[in-house]
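Listed below are the residues making up each chain.
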Amino acid sequence: MSEELSRAYWDGAARGVLVVQQCGNCGKIRHYPRVLCDACWSFEVRPLEVAGRGTVRSWTVTEHAFDPAIAADVPYTLVTVDMAAGVRMLGRFRGGGGMAARIREGMLVRLTFEPDAAGQPMPVFAPAAPQEL
Amino acid sequence: MSLKGAAAIAGIGETAYTRRSPRTAEELQFEASLAAIADAGLTPSDIDGVIPVGITGAPAEEYVTNFGIRDLRFSALIPHGGASGVGALQCAAAAIAAGICTTVLVPFGRNISSGARAGVRIHQMPQFRLVTEFERPAGAIAPAQLYAPMARQHMQRYGTTSEQFGEIAVVCREHAILNGNAVMTKPITLADHQNSRMITDPFRLLDCSLESDGGAAYVVTSAERARDLRQPVVELLGVALGHPDSPNSITQRPDLGEIGIARAAPIAFAMAGAGPADIDVAEVYDCFTYVVLRQFEDMGFCAKGEGGPFVMNGRLRIDGALPTNTHGGLLSQGHLLGMNHIVELVRQLRGHGGPAQVDGAQVGLVTGYGDMGDGGLAIMGRPR
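Sequence lines, in order, name chains L and P. Numbering-wise (my numbering), the first sequence opens with residue 1 and increments by one. Numbering-wise (my numbering), the second sequence opens with residue 1 and increments by one.
One thing to keep in mind: the hints can contain errors.
[As the list claims (entries may be wrong)] Here are some of the chain L residues that sit facing chain P, going by a computed Cβ distance under 7 Å:
| # | residue |
| --- | --- |
| 1 | 91 |
| 2 | 105 |
| 3 | 123 |
Keep in mind that the hints were calculated from the coordinates and are not lab data. All C-beta atoms, glycine included, are put in the ideal place defined by N, C-alpha and C.
All chains should be built: construct the whole structure from the sequences, respecting the hints.
Structure representation (structure tokens):
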């Protein structure tokens with residue numbers, strides 16, 4: 001069920017692009033994947049590739065290794081990003097903890113996907129100049 | 001029909017709160033249950049309703065077999081994490097008021113310090129399916145990392161400081177020491193808080209609640225029947241639960257700072273016919289220091305953004321204007337999913353608070369805060 005719902009997202013991530021759900025009835029865009037549109041309650045849905053640009057809403061620099069598997073990554077920065085398409089994402093901010101000093105609310109960022117330790121695509125955000133977007 | 005005055009907590013029970021209990025979650029849950037039932041002056045066979053809190057202990061059916069309950073008339077599951085203790089109180093009061101049952105046991109027990117930690121546990125829970133699928137791959141493993149962006153935004157918008165978080169940690173520690181049954185027993189200063197290692201900024205070690213073992217339970221009956229039982233009556237005056245948008249993913253919440261108690265608080269206060277100024281003692285869910293000051297804002301104790309200054313200058317101390325977490329909370333007494341907050345509120349309103357007793361406590365509140373923002377508020381008091 002859940003795998004089917006999010007297949008388009010993960011297929012897109014593997015190609016390096018952001019794919020969200022769009023309601024097949026009213027056109028409302030949503031993320032994370034779910035069964036119904038909360039605006040018109042339609043089951044109809046289609047995948048929609050959207051731009052990978054956004055602005056930083058908030059962030060945290062993680063210094064504690066909550067999982068031994070990421071011990072080599074700390075410190076790392078997680079960013080909450082308002083995507084231009086109107087959805088949010090949580091991703092890794094490129095550059096580790098040292099980049100945190102540069103981070104600020106409203107900073108323009110661009111999304112890429114990089115394989116994590118298990119080879120799964122991980123959302124990664126890097127600062128972007130306006131002309132890049 | 002309102003639940004105001006319909007129900008009372010007649011019995012409370014706790015085990016020792018520790019880090020490495022040799023007992024199972026089920027044993028701890030039963031031990032606390034038996035203590036709560038005895039505290040009320042009842043016997044286990046008097047129980048005809050059970051609402052087990054959390055997912056770590058025994059389900060209601062186990063009470064039929066272990067307690068010899070012949071006629072279990074009511075049971076329910078409240079799937080709201082740390083808001084479940086307050087949710088169970090609402091549910092029990094409604095079931096009693098409707099005549100479904102007369103005496104509801106609400107038990108909780110956990111032994112986690114010897115098992116999986118929070119960063120592993122939450123990913124086994126169905127309500128965190130989306131967090132697990134979409135946020136964990138980036139390295140968002142533990143609740144602290146998911147709450148941190150909320151706290152960061154509050155600091156950016158309103159100028160809230162780490163020292164204000166620290167004040168909450170220091171007061172909780174003082175109160176845990178007064179209580180005695182607490183995991184953390186060494187005094188801390190604001191400097192200790194500021195020097196504690198960064199976990200995920202802005203949260204330092206001393207901003208984070210504990211991983212603890214123990215059991216806590218309470219017994220609900222009608223306020224009328226409670227008068228014939230052993231303890232001073234502590235009535236339910238108002239109760240409500242509320243949920244933010246996107247309850248299980250903070251990332252997808254349109255207002256990152258929104259929490260469910262903002263919706264619950266006006267309903268609970270209206271039911272009680274009371275407001276923040278009537279509250280003598282507050283037991284506020286404290287998975288992280290930040291959420292305490294945020295809940296005060298959303299309950300109307302201060303304006304949005306003023307939670308930081310509000311908690312300062314000793315206001316939360318036993319002898320302050322709003323004594324808060326008089327048992328030490330999840331931050332210093334133990335993480336009993338807020339069940340220890342409910343037990344402590346009843347103890348305070350009975351006048352049994354010992355060294356931590358708030359003088360003349362007549363009306364108090366307890367909040368629950370579950371998963372990524374489910375909120376509960378119960379207002380309780382001595383009958384006038």
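Hint check:
Hint status for residue 91(L): holds, given a least beta-carbon distance of 5 Å to chain P, under 7 Å. The beta carbon of residue 105(L) comes within 6 Å of a beta carbon in chain P, closer than 7 Å, and the hint placing it at the interface holds. About 6 Å separates the beta-carbon of residue 123(L) from the nearest beta-carbon of chain P, less than 7 Å, and the hint is met.
Against the hints set out earlier in the document, no violation occurs for any number.
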